[in-house]
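K.L.:
Each chain, written out:
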Amino acid sequence: MEATIEVTGLRKRFGRTTALDGMTFTARPGLVTGLVGPDGAGKSTAMRVVLGLDTADEGTALVGGRPYRSLRDPLCQVGALLDADALHPNRSGRNHLLWLARSHGLGARRVDELIERVGLGDAARRRAGGYSPGVRVRLGIAAALIGDPPVLMLDEPFDGLDPEGVDWLRGLLRSLAEEGRAVLVSTPLMSELQGVAGHLVVAWRGRVVADTGVAELVADASRGRVALRTTARPEAMTALAGAGAAVAVTGRETLTVAGLAPERVVALLDAEGVPFSEVAAHRATLEEAYMDLTRDAVGFEPVAGGEESAR
Amino acid sequence: MTAATPYRSVRPRGRDGFLRLLRAEWTKFRTVRGWVAGMTAAALVTVLVGLLPAVGGHSSCGMGEVETACPADPVGPGGQAVKDRFSFVHRTLTGDGGITVRVTSMSGVITYPPPNHDTIVPGLVPWAKAGIIVKDGTRPGSAYAAVMLTGAHGVRMQHDFTEDVPGRPGGVSAASPRWLRLDRSGDTITGYESADGTRWTEVGTARLAGLPDTVRIGLFVTSPGDLTVTPGEIGGSGEQVRFTQATAVFDNVGVRGTTGGGAWSSEEVGAEDGMTDWERHHRPAGLVESGGTLTVTGSGDIAPSTEGQVVERALTGATVALIAVIAVAAMFVTAEYRRGLIHTTLTASPRRGRVPVAKALVIGAVAFATGLAAAAVALPIGTRLLAEGGPVLRVSSLTELRVIVGTAALFAVVAVLALALGALLRRGVAAIAAAVALIVVPYVLATVSVLPDEAARWLLRLTPAAGFAIQQSVPEYAHVLGHYAPSTGYLPLPPWAGFAVLCGYAGVALALAAVRFGRRDV
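Line by line, the protein sequences are chains A and B.
The working numbering puts the first residue of the first sequence at -10, with every later residue one more than the last.
The working numbering puts the first residue of the second sequence at 33, with every later residue one more than the last.
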């Protein structure tokens, strides 16, 4: 069985609100797939449909080629973290993991392994009601891993983590993907997935507006841009903008220039007598690439909005 | 695209068998301290409240100026408390044999009946009894079989207090005398009646297990107190019992078999409480023999006792304890809705209909164990303490066992009903309020004497509170006049029928919960 999440043409309305409007994407093994989009993009609803918690009005959601509700050992097929706060406040984290383990015939040893792996430590034996958001996320990840599943699905796992926790989670996600698991991670903040995601699905108003590999996306966003380092930033901007380039400030002494080849930039600055110390091909961050993408998405907005008001 | 090798777990595959789901739900239950504490509290409340009435109540019976402990009722062959007081004219019978008599008259007096309670009037109470009897000695409570005429219920064949078979209706007079006959063969006694002493009709047969070779055989007369039940001023009702006496005239007495002595012995069986003024000054109990005519006068009853404290009074605390059971059972499911934990539960068990069933089994088993432990302690100790406050209506150990196990089953099914309501309403407070309103409130309303008897009976037939019938130790007897009302501990449905009503409610609620679990988005 292929370890994948395949979502095809999902539609779901809650009353007058359209939560999913034909959402389609696939999470493949060996890769962290980022499901990115603002609140209300349909990320959580899509995940709930995958887990059989919500029923789609249309479309299919399959885990390893099968609907979730037909799985006989679901926690061994897919692990999910939907809401890290979904805990009984008077039950300890360890006991929370223990009942999950029992539901699949697993024992206390598996629970203790996971407590070790996510670094819960002593907190595991205290009541969950007193946990910090960060500890709750660690517990939620341990719960998702309980059945050692080949597919993982985490809804905004970075939410509530401190910077140290974010680093830890990135490392964990990378290693889980390297083990060959399909890892789907949703987030509203692209930057959280920097250096982690291998594939991106950008959702917006219940549909996917971009579905692309991260490497191609970044290359795309970098293409044709020049990074410039200069002590005379305003002069440089005037000179380059005068020649028709799009100039963006990226730091106190740094700029990116789009629309001009590097040799044209050098010639222009020389001609105007603007000093500079470095001209190089620009490498975009994931965040920049995402901003480009969403700018494009917003470009579609009138069309999408028009459809919605027509209903 | 990365040519990744998909992950293969090295762990053995788990299967979401139902037993595993049960184990998961049990783990959930035992790991929340408040729930375990709630169930423990339910057990403790049952025991402690059961011990309370003994502290308050104390009753005594007087013999003139002297206070004595109230005599406890004797215990019949079935293990239950009985009334066994009558005038007995007897001789011994060894081996097989029998007795035949003709009854020519049956009359009596009732002292100070309503409406004015100021005169003694002639008359028979409906269950005044006069007839012939075979009895295992003269000890109150010993086995017997008798065929008799009654005040208003015609001829009856009764044995061992609880058993009663009707013969032909009608009374007796000098113009139309009635013949009665008992035949003994081993431990089997057969009763007959006849209008002429030649053509006999069988009334019934009794098998008295363990009846010894030598028994007493003879005539008896007895007459139970005259009972009136008056509606109380604030609902409920009051009871009054007045002394009565019956007299019967027998002739053509014939005894068959090996009998002892020539003369009849006359004895007041079970008469420990002295004589009334009526007996002292007007007509004493006992035998007046004149030629072949024997006139026998007596008071009392040969019947199961319905006066006294029932053993389930020791389980009064269970009513309060059930509120704790309801709260824990409802929260066992509503807590999951409150925190969104239900999503995790359904993710672990996508076959959703099984979840409420597994939860019901776990909470039911826990409540059963709680009720069993509580009742097994409270009943024996509480009964002993109750006895210090007044006579307790003893019941057979089998009945006692049914009361204890029934209490456990009551806890279990109430827990299941509360859980199902929790799954349907999804809010803890609403579910607890609904369960208490359906189960505990009707029971309390029906049994505290605020409602008219009939209204109380309907409450205990129609609501889940009917299930409390499983705790009732003394049944309603058709051949004993009594004030059978919920306020005096008599529920309208038999134990298992009442329990079945409760089970019906719980089953329907659980089925609805399972269906809704399966259907809706959560």
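Please note: incorrect hints may appear among the correct ones.
[Unchecked claim] Quick list of the computed label-pair ranges, beta carbon to beta carbon:
(1) Gly49/B with Thr49/A: 41 to 51 Å
(2) Glu47/A with Ala469/B: 36 to 46 Å
(3) Pro56/A with Ser41/B: 15 to 25 Å
[Stated by the list, open to error] Quick look at which bits of chain A chain B covers, simulated, 3 or more residues with Cβ under 8 Å:
(4) 40 to 53
(5) 78 to 84
(6) 136 to 148
(7) 168 to 182
The hints are simulated quantities; they were obtained by calculation from the structure and are not laboratory data.
Values in this document were obtained by computation on a predicted structure and should not be read as measured data.
In this text, a Cβ means the ideal position worked out from N, Cα and C, and glycines have one as well.
K.L.:
Given the hint of 41 to 51 Å, check if Gly49/B and Thr49/A actually sit that far apart at their C-beta atoms.
P.N.:
violated, 28 Å
K.L.:
Count the residues of the segment 40 to 53 of chain A whose CB lies closer than 8 Å to any CB of chain B, then report whether that count reaches three.
P.N.:
With 5 residues closer than 8 Å to chain B, the segment 40 to 53 of chain A meets the three-residue bar; holds.
K.L.:
Can you let me know if the beta-carbon spacing of Pro56/A and Ser41/B is within 15 to 25 Å?
P.N.:
Holds - the Cβ-Cβ distance for Pro56/A and Ser41/B, about 21 Å, lies within 15 to 25 Å.
K.L.:
Okay, the segment 168 to 182 of chain A and chain B, do three or more residues pass the C-beta test at under 8 Å?
P.N.:
Answer holds; 4 residues pass the 8 Å Cβ test.
K.L.:
Three residues or more, CB to CB closer than 8 Å: is that satisfied between the segment 78 to 84 of chain A and chain B?
P.N.:
holds (count 5)
K.L.:
Taking the beta carbons of Glu47/A and Ala469/B, is their distance inside 36 to 46 Å?
P.N.:
holds, 43 Å
K.L.:
When I compare C-beta atoms, does the segment 136 to 148 of chain A have three or more residues closer than 8 Å to chain B?
P.N.:
holds (count 4)
Checked against the numbered hints above, the structure breaks only hint 1 and satisfies the rest.
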